[in-house]
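J.: Can you build the whole structure from these sequences, using the hints too?
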Amino acid sequence: MDAVPSDPALALAAPGRLRRRTPLRFRRVLPGGRAFDVMGDRPFGGRLRAVRRLLVAGLWTLLCMPVQAVLLLLPGRGKILFARLYWRGVCFVIGMRLRVVGERTAAPRTLYLSNHSSWLDIAVLGGSIEAAFVSKAEIGQWPLIGLVARLGRTVFVSRSRRRTGDEAREMSERLAAGDSLILFPEGTSSDGTRVLPFRSSFLAIAEKAAVIRPVSVVFDRLGGLPACRRDRPLFAWYGNMEIAPHVWRLVRHAGLRATVVLHEPLPPGAIPNRKALAAVTEAVVAEGAATLRQNREPRPLRPERP
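At position 77 of the sequence shown the residue is numbered 77 (full-length UniProt numbering), and the sequence of numbers has no breaks.
Treat the hints as calculated values from the structure; they're not laboratory data. Backbone N, C-alpha and C fix where the C-beta goes; we use that ideal spot for every residue, glycine too. Hints may contain errors.
Stated by the list, open to error - Straight-line distance between alpha carbons at most 25 Å, and here's what the computed DSS-like set of lysine-lysine pairs gives: (1) K208 / K136; (2) K275 / K136; (3) K275 / K208; (4) K275 / K79; (5) K79 / K136.
To be verified - Label-pair restraints from in silico Cβ distances: (6) W60 / E242: 15 to 25 Å; (7) S158 / P197: 15 to 25 Å; (8) P108 / V70: 20 to 30 Å; (9) R229 / V70: 39 to 49 Å; (10) V51 / A176: 42 to 52 Å; (11) R229 / G95: 19 to 29 Å; (12) R97 / W248: 14 to 24 Å; (13) L147 / R229: 34 to 44 Å; (14) R52 / A176: 18 to 28 Å; (15) R199 / S172: 16 to 26 Å.
T.: Okay, structure coming up:
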């Protein structure tokens, strides 16, 4: 009688013959990646792609900065159109496709109210809408990024009460001059799985706008396939995350897409006060974002007046 093998890794392959079974190996999934992510089979894990994208993005930025600096000194819409071209170029270089749903043509002095989950929102919205951003003052102090923001005519706001009046005056003057602005009423970035409550204090400038337009932004494709909940950390940048590792991890991936839904415009006088305006626009933006996260076909929504 044959002896029973003591090694549990041995199994009978045929009568009288023994074969060692290959142990199962489970691949570690990258944060924000999919199970069986093809990146794991590549010797460099997308690093060459990331290096190429970052180098080209840096070169594109260096080429565009002096052009925009000159356009800022000239009258006309050239500086607005070129800023949009720059951001579209950034999205193209990092492999981010843009899909815009809704009427792009907007009247001057439009105030766009959008959800916010990542630094990517700047590139995506900047490449989709002809408008300047309202951003926290800290960004203006960041190396290179702060300079790009200033060349893009960003309005910086601080948490200091002493400067609140000056900042509100600057936004009013920009709207009065015919500029459109993009504002993130959540006041911070989310984890990408929900829309945070809109802060009514951020909407004091709304009465100066000719039109208010809610906007929903969701990153809905990864590897060319619909993004799911576990993919959100790849796109979302929030809390105490450091930006450099986040950028590096993102640009290693292919098949990225962001969808921007431009909802129906709303006249400021249609809403009685800032709290009501915050509630109405938040509901529209949240519903639009939820539709995109569920990979359903989006459509522009009409804000319900109270």
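J.: Hints first: check each against the structure and report whether it holds.
T.: Now the hints, each set against the structure:
{"no.": "1", "hint": "K208 / K136", "in the structure": "20 Å, holds"}
{"no.": "2", "hint": "K275 / K136", "in the structure": "22 Å, holds"}
{"no.": "3", "hint": "K275 / K208", "in the structure": "16 Å, holds"}
{"no.": "4", "hint": "K275 / K79", "in the structure": "34 Å, violated"}
{"no.": "5", "hint": "K79 / K136", "in the structure": "22 Å, holds"}
{"no.": "6", "hint": "W60 / E242: 15 to 25 Å", "in the structure": "23 Å, holds"}
{"no.": "7", "hint": "S158 / P197: 15 to 25 Å", "in the structure": "21 Å, holds"}
{"no.": "8", "hint": "P108 / V70: 20 to 30 Å", "in the structure": "23 Å, holds"}
{"no.": "9", "hint": "R229 / V70: 39 to 49 Å", "in the structure": "45 Å, holds"}
{"no.": "10", "hint": "V51 / A176: 42 to 52 Å", "in the structure": "45 Å, holds"}
{"no.": "11", "hint": "R229 / G95: 19 to 29 Å", "in the structure": "22 Å, holds"}
{"no.": "12", "hint": "R97 / W248: 14 to 24 Å", "in the structure": "20 Å, holds"}
{"no.": "13", "hint": "L147 / R229: 34 to 44 Å", "in the structure": "36 Å, holds"}
{"no.": "14", "hint": "R52 / A176: 18 to 28 Å", "in the structure": "44 Å, violated"}
{"no.": "15", "hint": "R199 / S172: 16 to 26 Å", "in the structure": "19 Å, holds"}
Violated hints, in rising order: 4 and 14; the structure is consistent with all others.
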